[in-house]
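Participant: Given next are the chains, with one letter for each unit.
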Amino acid sequence: MKPFRWSTGILYTVLIGYALVTFLPFAWALSTSLKPLSEIVAGGIHLIPQNPTLENYRQIFTQEPLFGRWLLNSAIAAFFITLFNLLFNSMAGYALARIRFPGNQIWFFLILVALMIPGQVTLLPKFLILKSLGWLNTYQGLIIPAAINATFIFMMRQFFINFPRELEEAAALDGLGRFETFVQIVLPLAKPALAAQTIFVFMGSWNEFLLPLVVMADPEMFTLPLGLNAFKGEYISYWNYIMAASMIFTLPALVVYAFFNRYFIQGVRFTGSK
Amino acid sequence: MTVIVSGAMPMGNLLKNWQIQRRQEAMTGYGFMAPTILIAGVFLFLPILYAIGLAFYRVQLLGEVRYDFTGLRNFIRMTQDERVWIALRNTVEYVAIVVPIQTLLALFLALVLNRQIKGRSWFRVAFFLPTVTSSAVLTLIFMWIYNSNGLLNQLLSWFRLPTYNWLGDPAVALKGIMMMNIWATAPLFMVVYLAALQDIPESLYEAARLDGATGWETFFYITLPFLQPVTFFVVVMGVIGTFQLFDQSYIFSAGSGGPNDSTLTIVLLIYQYAFKNLDMGYALALTLMLAVVLIVSTVIQRQLFKEQHFD
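Protein chains in written order, with our numbering: chain A, 28 to 301; chain B, 5 to 315.
No lab work stands behind these hints, which were simulated from the structure alone.
Among these hints, one or two may not hold up.
[What the hints assert, rightly or not] Per label pair, the in silico range of CB-to-CB distance:
{"#": "1", "chain 1": "A", "residue 1": "S264", "chain 2": "B", "residue 2": "L53", "range": "39 to 49 Å"}
{"#": "2", "chain 1": "A", "residue 1": "P215", "chain 2": "B", "residue 2": "W162", "range": "54 to 64 Å"}
{"#": "3", "chain 1": "A", "residue 1": "G44", "chain 2": "B", "residue 2": "E221", "range": "24 to 34 Å"}
{"#": "4", "chain 1": "B", "residue 1": "N118", "chain 2": "A", "residue 2": "I75", "range": "48 to 58 Å"}
Built from N, CA and C at the ideal position, the CB exists for glycine as well.
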């Protein structure tokens with residue numbers, strides 16, 4: 028047993044204090060979602076509901092007919108965006124790292140430029156292009172523009188550059204074509220990088236607000252963030268419903284995060300340290 | 005790549021083989037790049053050209069789409085538009101307050117978490133929670149906490165501190181969004197700092213200890229200089245992120261930028277002009293201004309950090 032040191036005590040005080048600061052808003056939201064409206068109106072700080080109920084959750088699904096649809100729309104968009112990103116970013120990263128083709132350097136440079144362009148700058152022209160394609164208010168209008176990501180093309184390139192060449196050469200000797208080698212040999216060995224990508228792309232598309240806001244006009248096509256915003260307008264003083272809806276929205280992201288947590292830190296490290 | 009050819013006979017064949025192989029490689033390369041080139045072309049590079057071009061037009065979106073060339077009129081209008089100045093002032097204030105605080109907080113948390121302590125990974129996961137939660141949910145949770153009889157005011161009055169009408173008072177509405185964003189973003193940069201702290205060679209600290217340096221001295225002469233490139237990254241990402249503030253103020257103010265324009269940001273203003281006033285050309289001109297502001301501020305920061313480096 029080490030003797031007590033003041034610095035250690037202060038350290039833990041800071042850590043636990045900040046953990047409380049992090050948790051309190053979530054705990055308060057969760058608590059509100061389990062309270063009947065009468066308890067909320069009565070006021071007072073009761074973190075633990077006096078009459079806990081799941082009624083709010085039931086109400087959202089029964090009273091708000093579109094809530095299930097929003098959940099489904101979000102799931103469809105997030106699923107396909109993640110799938111396409113994994114495939115396309117890896118393909119492009121692999122080509123840039125491994126295949127000698129004319130223009131290789133130019134494309135790499137363009138990807139680096141694309142990294143620096145914030146989405147807001149291209150938002151309005153993107154809207155005009157989607158409009159002229161007739162893709163407004165459709166799933167493809169939401170999915171296709173988000174199907175690649177310069178950050179992860181760059182990340183995959185860096186990953187494949189350090190990848191042992193011998194495996195691919197062995198596969199080529201066995202008569203595998205370039206794409207077969209890529210799918211059967213290279214991708215399975217890139218799992219950590221793909222996992223980091225999965226979590227970032229999934230979170231990004233699940234939580235995205237601005238692009239769906241611009242693309243989707245029909246409430247039936249809303250994703251959850253938009254639905255939640257509309258929901259807030261409709262149930263302005265029913266904070267019990269709003270918080271219950273927020274909790275349902277947060278749960279899938281939390282599950283994905285808990286599942287891939289290890290790779291999440293790795294991914295931040297990868298993108299953070301450049 | 006050099007091809008050594010010995011003997012005259014197979015040279016033609018070799019060259020032809022080599023050319024075929026090269027063509028095949030090129031086709032494979034473009035095959036792998038095809039989805040990226042197609043999507044980036046249509047939804048990334050074309051929009052940039054589009055934005056630059058259309059900023060000089062008046063765009064009529066209702067009914068039949070029409071474009072009328074107006075030259076610099078959109079840009080001149082910007083300078084006379086009072087709401088542009090309000091949005092710019094709000095955004096700059098927001099960046100100037102949020103970025104330094106969130107950077108320092110991230111650094112502080114990373115330094116604390118970098119010590120050898122029990123439950124370190126548990127704390128990391130806990131601190132990270134806001135970063136994985138969507139901005140829409142975070143904003144709603146904070147609006148609930150900020151309401152006039154809400155949790156925050158209850159806590160403030162508990163400590164006998166002044167309470168505010170966070171949602172309705174123009175003087176504090178933006179401050180509320182600032183607090184929320186610092187709280188939500190600092191953990192992300194904390195992880196970036198943590199990663200960088202682990203790259204500092206232990207031998208440097210050992211050498212310093214042998215020379216009798218105090219904890220503060222090692223911090224100022226080893227840790228901080230080592231973290232400088234990462235700090236540049238964190239500050240640039242922070243500035244770019246805060247300049248693009250949209251979701252929070254949109255949800256917070258139901259799209260209006262209120263109360264009394266106090267949460268109006270540049271991106272929200274662009275959104276309003278494009279989709280409420282249907283003034284696409286003018287909104288595009290504003291977008292270009294935002295892009296220029298972002299590029300200029302990145303260049304300025306690069307210069308600042310370079311100069312510090314030579315101190």
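Participant: Give a verdict on every hint.
Facilitator: Hints and how they fare:
no. : hint                        : result
1   : A:S264 x B:L53: 39 to 49 Å  : holds (47 Å)
2   : A:P215 x B:W162: 54 to 64 Å : holds (56 Å)
3   : A:G44 x B:E221: 24 to 34 Å  : holds (28 Å)
4   : B:N118 x A:I75: 48 to 58 Å  : violated (35 Å)
Against the hints set out earlier in the document, a violation occurs for number 4 only.
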